[in-house]
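Chemist: Be aware that the sequence shown starts at 0, since it is given in numbering that gives the first Met the number 0, and climbs by one per residue.
What the hints contain is simulated information worked out from the structure, not anything from laboratory work. Keep in mind that this is a model prediction, so the values were computed, not measured. Glycine included, each C-beta is placed from N, C-alpha and C at the ideal position. Be a bit skeptical, because a hint or two may be false.
For each label pair, taking beta carbons as the anchor points, the in silico distance ranges come out as [as the list claims (entries may be wrong)]:
| hint | residue 1 | residue 2 | range |
| --- | --- | --- | --- |
| 1 | ASP64 | ASP105 | 13 to 21 Å |
| 2 | ASN37 | THR84 | 32 to 40 Å |
| 3 | GLY85 | LYS49 | 19 to 27 Å |
| 4 | LYS49 | PRO13 | 28 to 36 Å |
| 5 | LEU16 | ALA70 | 21 to 29 Å |
| 6 | ASP82 | PRO38 | 28 to 36 Å |
| 7 | ASP64 | ILE18 | 24 to 32 Å |
| 8 | ALA19 | LEU53 | 24 to 32 Å |
| 9 | ILE28 | LYS49 | 19 to 27 Å |
| 10 | LEU16 | GLN95 | 47 to 55 Å |
| 11 | GLY85 | TYR32 | 37 to 45 Å |
| 12 | PHE11 | LEU34 | 26 to 34 Å |
| 13 | LYS61 | ILE29 | 16 to 24 Å |
| 14 | TYR103 | ILE29 | 39 to 47 Å |
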Amino acid sequence: MNNSKENLGSFFKPINLLIAVIIITVIFIIAFYNLSENPESRQIRQTAEKQLRLFARGYSLKAIDCEGIDANNDGWVNCRADDRTGQLLYLECPYQVTDQECRYRD
0 MNNSKENLGS FFKPINLLIA VIIITVIFII AFYNLSENPE SRQIRQTAEK
50 QLRLFARGYS LKAIDCEGID ANNDGWVNCR ADDRTGQLLY LECPYQVTDQ
100 ECRYRD
């Protein structure tokens, strides 16, 4: 019985509490980010990221992410990929017309 009290006391050491607070904070930030995203933006981002993955596979790139906002309403959003040598590439991917592939941004 005494041993369980010692284990409980060792759990509440400052470093353990700090680690627990950090983990809980990260979980809340991720949850808030997912809940705060507009459903329309989520749909745009997911469709563009699907196009990015298809493009990346064909050109041996590593797909990273796409934005969920079309800044100039042209049907394309900004995306990022990695060329496996560590160089970051900036692309534009469609979210409406699926018969087009991503293109390199100027």
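Chemist: Note whether the CB distance of GLY85 and TYR32 lies within 37 to 45 Å or breaks it.
Modeler: 26 Å, violated
Chemist: 13 to 21 Å was suggested as the range; check whether the CB atoms of ASP64 and ASP105 agree with it.
Modeler: Taking Cβ atoms as reference, ASP64 and ASP105 lie about 20 Å apart, which means the hint holds.
Chemist: Starting from the hint 24 to 32 Å, judge whether the C-beta atoms of ALA19 and LEU53 obey it.
Modeler: Taking Cβ atoms as reference, ALA19 and LEU53 lie about 41 Å apart, which means the hint is violated.
Chemist: Just tell me: holds or violated, for the beta carbon distance of TYR103 and ILE29 against 39 to 47 Å?
Modeler: Violated, at about 31 Å.
Chemist: For the pair LYS61 and ILE29, does the Cβ-Cβ distance stay inside 16 to 24 Å?
Modeler: The hinted range 16 to 24 Å holds for LYS61 and ILE29, with Cβ atoms some 22 Å apart.
Chemist: Can you let me know if the beta-carbon spacing of ILE28 and LYS49 is within 19 to 27 Å?
Modeler: 25 Å, holds
Chemist: Taking the Cβ atom of GLY85 and the Cβ atom of LYS49, is their distance within the range 19 to 27 Å?
Modeler: 24 Å, holds
Chemist: Confirm or reject the claim that LYS49 and PRO13 have a C-beta distance inside 28 to 36 Å.
Modeler: Since the Cβ atoms of LYS49 and PRO13 sit about 45 Å apart, the hinted range of 28 to 36 Å is violated.
Chemist: Do the beta carbons of LEU16 and GLN95 sit within 47 to 55 Å of each other?
Modeler: At roughly 49 Å between Cβ atoms, GLN95 and LEU16 fall inside 47 to 55 Å, so the hint holds.
Chemist: For the range 32 to 40 Å, tell me whether the beta carbons of ASN37 and THR84 fit it or not.
Modeler: 35 Å, holds
Chemist: Given the hint of 24 to 32 Å, is the C-beta distance from ASP64 to ILE18 inside that range or not?
Modeler: 28 Å, holds
Chemist: Okay, ASP82 versus PRO38 on CB: inside 28 to 36 Å?
Modeler: 32 Å, holds
This entry does not satisfy hints 4, 5, 8, 11 and 14, going by the numbered hints stated previously.
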